[in-house]
Each structure stands twice: as structure tokens, then as C-alpha cells.
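> What follows is the residue order along each chain.
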Amino acid sequence: MSVPSKAFQQWLHSVAPATSTAAVSRLSGIKRSTLAQQLVRGKVALVTVVSISRAFDVDVVGALSSFDKYRDLVSGFKPPTKAELISQVSDLDLLQQIIARNAAGDIHEQGPARGLAPMPHKSSVRGWIEAIDTADLRQRISHDLRMAPQNLSAQLSANRLPPDVAIQAARIAGVGVTGGLVVTGLLTPEEVGWPRDAREAALRALPDAELVILAATRLDALGKTLRRADQDNEHTKALWENLG
Amino acid sequence: MIAVLQWVALTLCLMCAAWRLPAAFKGRNAGLFWAFLLLSVAVGLSLPSIYLRADALLGGRNLANLAVRFALYAIFYILAAKLAGAYRAAHGQRLIRGPVGVSVLVLIAAGTLVLFLLSDLPVSSTGLAAYSDQPTVRAYALAGRLYPAYAAACLLRPSAHAALTAGRRIERVAAALICSSFAMVLALTALQVASLPVFLLIDLFAYGAIVCMAVGLALVWISLWSTGNGSACRPLARE
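Taken in sequence, the protein lines are chains A and B. Quick note on the working numbering: the first sequence kicks off at 1 and runs consecutively. Quick note on the working numbering: the second sequence kicks off at 1 and runs consecutively.
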């Protein structure tokens with residue numbers, strides 16, 4: 001999840017040779033105290049590298065892969081699979097697509113009526129993990145990163161995934177290494193070189209039956225989430241009425 | 001060490017009562033304010049320096065001890081009823097506020113009063129320690145533990161269930177503290193009924209239970225405050 005400060009300093013020197021730390025934090029929008037603390041603790045967060053790269057107009061993936069741990073970020077690039085792309089279409093966009101196809105009658109010429117919602121959506125992370133799953137992906141992530149399975153599952157439910165876990169998941173599944181960084185929102189699809197409108201194209205190419213079954217699965221999952229939220233609301237209401 | 005715990009418990013109860021004061025003025029769950037105010041009085045009266053002075057004002061015949069008993073009954077009734085509602089324990093609520101619960105409370109309160117009047121307590125003594133050789137005083141002490149133990153037994157399961165299933169971590173921790181508070185009340189009653197010579201442990205449980213209850217409820221208030229006064233979140237709404 002982080003790069004060593006020494007390597008970071010070297011990289012920063014190569015990117016912005018004559019810029020003070022204060023100027024770097026101002027330009028990249030990182031709080032000075034945050035940056036200073038990361039440097040002192042010897043662990044600079046990936047998001048810091050990403051923000052600075054963007055501020056100085058440096059290729060973000062190239063910047064990340066200049067650090068030893070992330071060498072394969074450039075070399076490991078693969079275009080996203082169809083399943084990965086479809087997993088990044090939000091539930092509502094899937095439903096819109098069903099309605100659009102129904103209205104148009106001709107399925108193959110009708111693209112999404114409006115642009116798809118920007119990535120990531122509310123269940124991007126879980127959807128992505130399910131899309132690249134190879135039967136034992138979760139166990140292998142827990143094992144490789146010494147992460148308790150319930151922690152991983154809590155992260156997925158919260159639609160979060162630490163960058164290291166996202167990268168390791170992609171390595172295990174054999175998909176493009178940067179995919180996980182896109183679905184967690186750390187990088188944009190353009191930055192990692194996903195083709196433009198790739199999600200739209202994948203969605204257009206999805207056969208009717210698969211589209212409907214996928215939407216049903218997603219709605220089922222959404223229903224479970226909503227039921228849990230309802231229960232939590234109910235619980236909070238009881239607490240509030242009696243103890244608030 | 002017990003003295004430290006007593007003062008910590010007293011401070012926490014006073015802080016909780018102060019915290020509830022604005023809400024009590026507005027009429028929101030004023031019972032909680034009274035429960036913590038009474039709890040502060042009860043804990044305060046278990047400290048000899050306060051008990052002896054307060055009892056002197058009441059005539060020096062240990063009426064203050066009787067006041068502590070009745071305060072404890074009121075505290076446990078209020079807290080148990082509120083918590084049964086908060087943890088949606090319909091069964092627990094019936095056992096506390098229903099006819100069974102109220103008759104248990106009235107019976108025990110009447111018994112306490114009778115046993116107090118039957119005892120010979122001419123001089124102030126904190127916790128009636130000087131009279132523990134009288135059978136009526138021992139029965140009186142036991143009766144004083146019965147209602148708290150009954151209320152705690154009714155709430156043990158609902159609070160344990162909430163500690164395991166509540167949605168947010170802070171709510172689970174709060175419920176776990178409240179549950180352990182009830183468990184300590186039950187444990188100390190068991191120790192007292194068995195009349196084992198473990199007075200340090202009994203005091204530890206008694207004041208530990210108060211500290212856990214105060215901290216647990218404070219956590220509930222913090223969690224309610226951070227969710228915006230119990231307003232529901234709507235997951236379908238766009239972010």
C-alpha cells in the first residue's frame with residue numbers, strides 16, 4: 001500500500017527536481033502535514049504518488065511502476081476482459097439498457113441511451129472480484145497477503161480494497177494488473193489505458209438473456225443489501241426512541 | 001483500589017446525568033436523566049464520607065440506606081425498560097413493565113421496607129456493615145439484590161444478541177458493555193447468595209457494572225449523535 005520514502009524521494013527528484021516539498025504538496029493538493037508524516041514514517045501512500053504524478057503531468061502507471069514492488073504495472077498491462085468491463089456497469093445502467101433495448105426493438109444498433117455512470121459504482125469492487133474469480137481467488141488473496149477472510153469480505157462489502165490487495169488479486173487471476181486500481185477509483189480508466197467506451201461496447205455486445213440474468217442477480221444482491229440497511233435503520237430507530 | 005473505582009463510577013454517573021440534562025428538559029427520555037441522577041446518589045451514599053453526613057441529616061437511623069435500595073429499584077426498572085425497548089426485546093419488556101414485572105418489583109420493595117423496619121439500626125453505618133450479624137439485615141441485603149438480578153436476567157439475552165448482531169461496531173461495543181454490566185450484576189448476586197467471603201470481588205463487580213453501563217450508554221449516545229439523530233439512511237438514493 002506504500003512505497004519507501006527513500007525511493008519516493010529519488011522519484012520525486014526525477015519528476016520535480018527543483019520543487020520544494022511545500023510546493024509539491026500545494027500543487028498536488030496533499031496536506032503538507034500528511035506528506036511530511038508519510039515521509040517520516042518511511043511509507044508513502046500510493047495515492048500520494050498518484051496525486052503528484054497528476055499534478056506534474058507524469059504518466060501515473062509509469063510513475064508507480066518505477067517502484068520495485070510495482071514493476072509489473074506497465075509490463076503486466078492487459079486490456080480489460082469482457083467480464084471486468086460488464087462488472088463496472090452500474091445496476092441502474094444495466095436496467096436502463098434493458099429498457100432501451102425493449103423500446104428500440106432492434107438490439108444491436110441501440111447503445112446506452114445516455115452515457116454510463118462514471119466508475120466506480122456502488123458495488124464496483126465486489127463485482128470486479130467476482131468477474132475475475134478463479135474459484136479460489138479469495139482464499140489465495142487471504143493467504144498471500146495474510147489477510148483474515150472476514151476482513152477481506154468486510155472490505156468488499158464496503159466497496160473498498162487496499163491498492164496492494166487489488167494488485168495482488170489481479171496478479172493471481174491473471175488479468176491486467178492495474179484493473180483493480182481502476183475499480184477502486186485510485187486510477188481512471190484512461191490512465192491505465194482502457195479503450196475509450198470499452199464498457200459501452202461490452203454492454204452493447206451482451207446478449208439479451210445474459211443481460212437480463214445479470215440484472216436479476218444484481219437486483220437480488222441489491223435487495224439483500226437493502227434489507228440489511230432496513231434492519232439497521234429499524235435498529236437505530238429503536239435505539240433512538242428509547243435511549244436517544 | 002475499590003475507592004478509586006467508586007469515585008470513577010460516581011464521576012461517570014454525574015457526567016451521564018449532566019449529559020442527559022438538556023434532553024430531559026426537552027422531555028426526551030427524561031427517565032435516563034433520573035436513572036443516572038439516582039445512580040449518582042446511590043454510588044455517593046456508598047462512600048462512607050458522604051453516607052455518614054447524609055444519614056446524619058436524615059436522623060442517623062440509616063434511612064439513607066433504605067433510600068439507596070429504593071433508588072436502585074427505580075434505576076433498574078428505568079434502565080431495563082428502556083433497554084428492552086431499545087433492543088426490541090418484546091419478551092423482556094413484558095417481564096419488566098408487564099404485570100409480572102411490576103408485581104415482582106412491588107413485592108420486593110414491600111419486603112425491603114418490612115425487613116428494614118424489623119431491623120434494629122440505631123447508629124449510622126455505611127452499607128449496614130456494623131449490623132451484618134442480624135438475620136433481618138442479611139435478608140434485607142439479599143432482597144436489595146433480588147430486583148436488580150431479576151432485571152439483569154431479563155436483559156442479558158437481548159443485550160448479548162445486540163452485541164453480536166448490531167450493524168455498526170460502536171453499537172456492538174456499547175451492547176457488549178451493557179451486557180457485561182448485567183452479567184456482573186448477576187454474578188455478584190450469585191456470590192452474595194452463596195455468601196462466599198469474596199468482598200473485594202463483589203465490590204469490583206458492583207462498581208464495574210456501573211462503569212460498564214455508563215460507558216455503554218455513552219457510546220450509544222455517541223453513535224446516535226454521529227448517525228444524525230436516528231434519521232434513516234437511504235441506500236437506493238444517488239450519492
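Note that these hints are calculated values from the structure, not bench results. For clarity, every value in this text was computed on a predicted model and none was experimentally measured. Keep in mind that the hints are not guaranteed to be accurate.
Said to hold, decoys possible - Taking CB as the label site, the calculated pair distances span:
| hint | chain 1 | residue 1 | chain 2 | residue 2 | range |
| --- | --- | --- | --- | --- | --- |
| 1 | A | GLN150 | B | LEU117 | 40 to 50 Å |
| 2 | A | PRO118 | B | ARG169 | 25 to 35 Å |
| 3 | A | GLY42 | B | ARG169 | 28 to 38 Å |
No residue lacks a Cβ here, since even glycine has one placed at the ideal position from N, Cα and C.
> Each of the hints needs a verdict: does it hold here or not?
Here is what the structure says about each hint:
1. A:GLN150 / B:LEU117: 40 to 50 Å: This hint is violated: roughly 58 Å between Cβ atoms.
2. A:PRO118 / B:ARG169: 25 to 35 Å: Holds, at about 30 Å.
3. A:GLY42 / B:ARG169: 28 to 38 Å: Because 30 Å falls inside the window, the suggested range holds.
Violated hint: 1 only; the structure is consistent with all others.
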